[in-house]
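S.K.: For reference, the chains in residue letters:
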Amino acid sequence: MAELADLPHPPGRYPLVVVGSGPGGLQVSYALRRLGVEHAVLSEDDAPGGMFRRWPVFQRMLSWTKPFTPFEHRTREYERYDWNSLVADEAEHRALMPALMDGSSYFPSRPEMERGLASFASRTGIQVRYGCRWESTLREGSDFVLRTSDGDFQAPVVVFAVGVAQPWKPPTPGLADVPHYGQFKPVESYADRRIFIVGKQNSGFEIASGLLPWARQIVLASPSPTRLSVNTHSLVGVRARYLQPYEDHVLAGGVVVLDASIEAVERAGEGFRVLTQSAGEGGRRLAFEVDEVIAATGFTTPLRDLPDLGVATFGQSRLPAQTPYWESATVPGVYFAGTATQGFAGLRKHGIPSNSGAVQGHRYNARVLARHLAETRFARRLPRPRLRPEGIVPFLLGELTRGPELWHQRAYLARVVSLDPDRGVLDEGVLPLAHFVDAAGPDAVAVTLESNGKDDLYPVAYVRRSGQVGEVEPMPPHPLHEFEGEEYVRALTGALAPIVSPTLSRL
Amino acid sequence: MPVQGDVVNTIAAFALFADLTGPQLEEMAHVLDEAWFQDGERVVRQGFRGAGVFVILEGSAAIRVNGVDRATLHAGDYFGEISCLLGEEPVADIVAAGRLRCLVLPGQQVETFLTAHPRVMFRLLQGEARKLRNTTRWLS
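Residue numbers (my numbering), protein chains in the order written: chain B, 1 to 507; chain F, 508 to 647.
Just chain B, same shape as in the assembly (with noise of 0.2 Å):
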């Protein structure tokens, strides 16, 4: 075991400090590298990976990483189609995920999973004090003051990366005293057994799956109907793969998928008894004498004593309330990263929320907040790459079709364009689009993809006019997701009409 002082990062004032080991503490200290901003990482784990080195339970990721695509692995192209690498901007570094995976799935299975995550750490030299425990905040002035096993950390800024993986029950009377999707046991000890799941998210239906071949009668009940994310065109609900009990239950299978809130889990033998009613006309009751209960009942931030020091939470999953830039919407200085970035929902249209709480999301989320921070709190400018006026629509077009980040963050991250007579055309990058509709600035054009939950994806222009935002029309789907003919062109074309010949003229 290394010496204390051989570790990275000793007890000390940073610029910056960056709390966590996932994938949102390891994505946002390599973009801050990149950008040449000086910070210690700092993770209570003893090795990086986050919450794969524990779950899911039926070990294999719910985000596929496809092996053959259209595109090399090590370009940028290629993110699309890989949800569970961190990106990089060297190609090298690139898609570390798919040669870690062994063929049987393009869903990653958790140790593959974690070993990509550490490949990651390793090869891009990222730096983290791990054993370190964050145990309790301090202000100092306009620092905090970090107390962790190691000594005192102090930075004026610090991005806390420490994932939604806190197991959480409602205060259902006796729900206490059953165990969590966390605590599940080996499967094989669940056979024969009548087990009744609360909760029908993802997590609950993960474990319903893994047990239909052990269990004798499996019950999944939650106040709400499930939803299903082939139906709703996202992420929102149950995904594919864990639809197989659903279909068991449709089928009158056995399993039992149930719209009820539960009263009460009560000790009854060796088992339990659990007491439901129905939300439904008559409110009907029903009690289920089962042997074993798991609460599939969701997660919450650890946030520590951050709540203590201002900084609002929301929700079940007692998220930071944050800013476009994902900075504690109360504190001022406290930033965050990885899954805890679902915080700022963004626009948030048609309902769909981002894929924030997920790595296919949240990497875009860290490069984008770390540019931020070189920017805003580090006096960095970075560059701007100048376009022709007459190369806008072919720039954003190509971005619509094969930007990763306009993908994965369907109407939250937008590829921003500047019209400005003293500057000229600038491409402004990622952004949040929200702060693109929301902010003052020169004239300037955002895209993204969106999704309304029943239609193909389809792009969107948001056109800002001195100083005023508005939505353009969205342009149509294409049945191949290509928005480069001559439909978007002209549609582009003429929603950038307004703002492009105004500054031509005074170029």
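Treat each hint with caution, since some may be false.
[Stated by the list, open to error] Covered stretches of chain B, going by a simulated chain F footprint (3 or more residues, C-beta under 8 Å):
(1) 77–85
(2) 215–224
(3) 277–286
(4) 336–350
(5) 467–481
These aren't lab readings, by the way, just hints derived from the structure by calculation. By construction, the Cβ of each residue, glycine as well, lies at the ideal position given by its N, Cα and C atoms.
Since chain B is already given, all that's left is putting chain F on it; use the hints.
M.R.: Coordinates of chain F only, in the frame set by chain B:
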């Protein structure tokens, strides 16, 4: 994302949900997502597609038309329903006045939601009738 247990207690006191049983209130808390907005943040954007119906749990919000504040909404009030019912873009910004916590129902789920919960639909109709009456009084 499901919401905290306190949501059930909070919405039990709202006119919109006044006729619901305990399990039905719990269903509401599961079906509707919780959202949080900071002071000055736009909740609904005038002219933007894809908004929803919002019910204020805590805090206040301003109805802003073309940059001018017209009225203030408080806990228990709801907004966004007119554009969702008509399938049109909102004709006003709704802007958080201080910290604001809401429940949200996406626009495309409004029809299914209301037809599945006729008592909520009736209460919503009552609310719309009050708004119409007040507007008529104001005009006359």
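S.K.: Taking the numbered hints from earlier one at a time, note which ones the structure violates and give those numbers from smallest to largest.
M.R.: Going through the list in order, the structure violates hint 1 alone and respects the others.
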